[in-house]
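Student: As a plain string of letters, each chain reads:
Number of protein chains: 2
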Amino acid sequence: MTSAQLTVAQVMVTVATSSWKSGVGRASKLFAGMTDEQLMEPVAPGRNRPIYLLGHLTAIHDSMHPLLGFGERLHPELDEIFVKQPDRAVAALPSTADLTTYWTVVNDALWQKIEALSPEEWVERHTAVSEEDFAKTPTRNRLSVLLSRTNHLSFHVGQLILAPK
Amino acid sequence: MTSAQLTVAQVMVTVATSSWKSGVGRASKLFAGMTDEQLMEPVAPGRNRPIYLLGHLTAIHDSMHPLLGFGERLHPELDEIFVKQPDRAVAALPSTADLTTYWTVVNDALWQKIEALSPEEWVERHTAVSEEDFAKTPTRNRLSVLLSRTNHLSFHVGQLILAPK
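Protein chains in written order, with our numbering: chain A, 1 to 165; chain B, 1 to 165.
Derived by calculation from the structure, the hints in this document are not laboratory data.
Heads up, the beta-carbon is just placed ideally off N, CA and C, and yes, glycines get one too.
It cannot be assumed that every hint is accurate.
[What the hints assert, rightly or not] Pulled a few chain B residues facing chain A out of the computed Cβ check, cut under 10 Å:
# : residue
1 : Val8
2 : Pro45
3 : Thr127
4 : Val129
5 : Asn141
6 : Leu146
7 : Ser148
8 : Leu153
9 : Leu162
[Stated by the list, open to error] Computed footprint of chain A on chain B; a stretch qualifies when at least three of its residues, placed anywhere within it, have a C-beta under 8 Å from a C-beta of chain A:
#  : segment
10 : 12-22
11 : 111-122
[What the hints assert, rightly or not] In silico DSBU-like pairs for lysine-lysine, Cα to Cα no more than 35 Å straight-line:
#  : chain 1 : residue 1 : chain 2 : residue 2
12 : A       : Lys29     : A       : Lys136
13 : A       : Lys84     : B       : Lys84
14 : A       : Lys113    : B       : Lys21
15 : A       : Lys84     : A       : Lys21
16 : B       : Lys84     : A       : Lys21
17 : B       : Lys84     : B       : Lys165
18 : B       : Lys21     : A       : Lys29
19 : A       : Lys165    : B       : Lys113
20 : B       : Lys29     : A       : Lys29
21 : B       : Lys165    : B       : Lys21
Bound conformation, chain A alone (with noise of 0.2 Å):
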C-alpha cells in the first residue's frame, strides 16, 4: 500500500483500538470507586450487583483471547460463575481483590496483543467462525469482536453508573 492508503486503514484500527480501550478505562474507574458494599448492592431492584459485572466483564474480554487468536484465557473458571449463569447463583464469589487483579491482568494482556495487530490482521477472521463460513461473510472479522465486545462494554457501563451511591 502506499503510505495514504495505508493511512486509511491505519487510521481506523486507531478510532476502534482507541474506543476499546476508553471503555476499559471508563470500567476501571467506576469499579475502582466503588466500596465493597456498593460492589455488592444491585443497579436497580433486582438486577446485577457491580460485582457480577466485574467478574462477567473479565471473564468476557477473557475469552476474547482464543476467540482473537491470540492464545489461551488466563481465568476460564470465570465462566461458571458470571456467564453461565446469573448473579446470585452461586453463593461464594472470588474475592473483590482477587476479581479486581484478574480485571487489570486481563484486559492488560488483551491490550498487549490489540496494539501490535496490523489493519490486515483486523479484517481476518475470528476463531468461531469456519474459513468456508468467512469466504462467503468476511466481515466475522477480527474488528467485528472488538467493536462488538466495545458494544458490550458500554452496555453494562451504562448500567453500572446507575448503582445507588
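Here the structure of chain A is known, so what remains is to put chain B in place on it, guided by the hints.
Tutor: Using the frame of chain A, we list chain B on its own:
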C-alpha cells in the same frame, strides 16, 4: 487502491456501520415493545424514563447530521428538553407517537448518508474539529463519531433493558 487494499478499509467500514445499524435496530425493538405506561416508568428508581431516552437518543442521533457534514438537523428543538435538561425538568413532552416518528425519520435519514460514504470519507475530519487540530489528531474523524455514538447507544440500551416489565 488495488481490490485487496480496498477490501481492508471497505470491510472495516462495513463492520462499523453494521454495528451502528444493529444497535439502532435493537433500540427500536425495545421502544416498540413498551406500553405507554412502561415508557413513563423510570428504568431504575429516580433515573431516566424510557420516553426521555427515546427523545435523548433521537436528539443525539439528529445532531450527527451536521457533525458528520451531512447537512441540517431535522429536529433541533429536541435538544431543549432531551439534552440540555434532565428527565422530568420539563413537564410537557412531545407525544409518544411524535417521538417515535422522529426516531424513525432521523435514523432513516442518517442511515442513507452513512451507507453512502467511502472509506476515505470516513477518515475525514468531523465538523467539530478545526482543520488545524485535525492535522495534529487525524483520529478526530467521522468514524470516531460513529463509534462513539454507537457506544452511547449501547450505554442507554443497557439501561433500557432494566426498565420494569
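Student: None of the hints should be skipped; say for each whether it holds.
Tutor: Results for each hint:
no. : hint                   : verdict
1   : Val8                   : holds, 5 Å
2   : Pro45                  : holds, 7 Å
3   : Thr127                 : violated, 17 Å
4   : Val129                 : violated, 13 Å
5   : Asn141                 : holds, 7 Å
6   : Leu146                 : holds, 9 Å
7   : Ser148                 : holds, 7 Å
8   : Leu153                 : holds, 8 Å
9   : Leu162                 : holds, 5 Å
10  : 12-22                  : holds (count 7)
11  : 111-122                : holds (count 3)
12  : A/Lys29 with A/Lys136  : violated, 41 Å
13  : A/Lys84 with B/Lys84   : violated, 41 Å
14  : A/Lys113 with B/Lys21  : holds, 28 Å
15  : A/Lys84 with A/Lys21   : holds, 26 Å
16  : B/Lys84 with A/Lys21   : holds, 28 Å
17  : B/Lys84 with B/Lys165  : holds, 29 Å
18  : B/Lys21 with A/Lys29   : holds, 29 Å
19  : A/Lys165 with B/Lys113 : violated, 41 Å
20  : B/Lys29 with A/Lys29   : holds, 31 Å
21  : B/Lys165 with B/Lys21  : holds, 25 Å
Taken one by one, the earlier hints fail for this structure at numbers 3, 4, 12, 13 and 19, listed in ascending order.
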